[in-house]
Amino acid sequence: MAEKSSEGEKSAFDLMHQFDITPLKVLADTPFAFVTNSAFFMLLTVVVIAFLMILLTANAKVVPGRGQTLSEMIFDFGFGMVDDILGKDGRAYVTFLLSVFLFVFVANILGMLPYSFTVFSHISLTAFMAVIVFGMVIFVGVSRHGLGWFGIFAPAGVPVWLLPLIVVIEIISFFMRPLTHSLRLFANLTAGHIVLKVIGTFAAGAGATSLLTIVGGLLLTPVLFALSALEYLVAYLQAYIFTLLAAVYLSEAIDPHH
Amino acid sequence: MTLEKDPNKDGLEDLKSRIEVARPRLAEERISTAKQVANRTASEAFGVAFSFVVCILIGTVGGYALDNAIGTKPLFFVVGFFAGSVLGIWYMIFKARQVAKRDEE
Amino acid sequence: MTPEMFKYIGAGLATFGFVGSGIGLGTIFGSYFLAVSRNPASAPKFQTWLFVGFALVEAFGIFALLIALMIMFVI
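Protein chains in written order, with my numbering: chain Z, 1 to 258; chain W, 1 to 105; chain A, 1 to 75.
Lysine to any residue pairs mimicking SDA-like chemistry, simulated, CA-CA at most 20 Å apart:
hint, chain 1, residue 1, chain 2, residue 2
1, W, K35, Z, F79
2, Z, K197, A, V74
3, A, K45, Z, G80
What the hints contain is simulated information worked out from the structure, not anything from laboratory work.
Could you build all of it, start to finish, from the sequences and the hints given here?
Encoded structure:
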């Protein structure tokens with residue numbers, strides 16, 4: 001909590017409360033009182049994705065109309081990413097990777113709406129996704145190549161006297177992967193929303209005590225506009241990077257020596 | 001040369017009937033066995049990975065609850081986390097070896 | 001020197017992490033430009049790995065920002 005004023009009045013800089021997970025106030029007296037805003041927005045994401053994809057792929061014709069073109073672009077994106085990185089055995093993972101991408105992307109976009117809650121601004125949710133990817137990597141690697149898959153920790157062409165050190169470093173970096181994978185998405189979204197809140201608080205004129213701060217707030221409004229555009233770009237880019245890295249880690253499980 | 005004046009019209013009818021016969025057979029062979037194995041492994045992978053995460057969660061939350069009950073604050077939390085993750089990884093490797101043995105047949 | 005002041009000093013010092021991120025991003029994009037200028041047809045081939053490299057390097061800058069924000073608001 002940033003208490004910046006010294007007179008003891010309620011501070012205008014209320015930066016971290018936008019990330020609180022609380023039960024929804026609307027459902028307080030119903031049997032569904034346990035539903036939190038995080039769960040609600042996750043459900044909303046799934047509903048939006050399902051609705052959109054069903055709407056776009058209904059009445060599929062050979063010569064696509066506008067909606068079908070959009071859904072074909074989405075599927076081409078998924079297949080293109082998989083063909084680039086995973087090779088010919090990777091077609092089985094398109095479903096998983098495209099689902100991850102759509103979920104993260106739509107959740108980030110929905111978090112940009114006013115008064116909404118960004119689902120992936122909590123390390124718990126991003127860690128869940130990253131550990132699922134980590135688990136899939138181990139499972140797919142061992143099921144395709146047996147226990148010899150753990151030989152990726154000892155890369156070829158390493159001199160024997162250097163091998164113990166290299167193996168230790170490789171194992172540590174392997175276990176650091178879910179950590180950085182989840183931390184990247186979490187930190188980008190949290191930092192982006194905090195910066196938006198700070199600039200937005202100034203631009204809305206809160207804490208304005210003189211003409212200078214009011215004018216400064218007015219000048220900050222285009223900056224807020226540009227920052228929001230940047231945040232939409234970050235929403236797409238971070239979803240893309242999350243899925244891309246998941247695909248890269250899976251490619252190491254499917255095909256350890258490329 | 002339009003179709004009505006085409007001298008090979010009977011040949012086209014023959015071709016059409018042969019395509020009609022071949023079409024269901026093509027549809028059956030479309031997904032080869034290698035792809036079926038890969039598809040099944042992919043969906044099993046998600047299920048097993050989900051169980052892995054749930055195992056870690058159970059270990060961590062159980063350790064935390066044990067901590068709150070007994071009072072040793074960080075100890076069982078950390079121990080539960082590592083125990084849950086080791087158990088989860090062991091479960092995943094066990095199932096993966098099962099799948100590898102099954103796919104060899 | 002109240003503890004509040006140390007928090008602000010700590011948050012300010014944590015932003016030095018962006019230096020590494022800036023240098024890394026400049027290196028990555030610079031080498032992409034050099035590679036594309038030598039062989040313009042290879043631009044789509046490198047584009048995937050450009051974004052992977054960008055995200056991996058940017059991640060550490062964002063970690064530094066996260067630590068700065070955590071020092072300011074969480075501790």
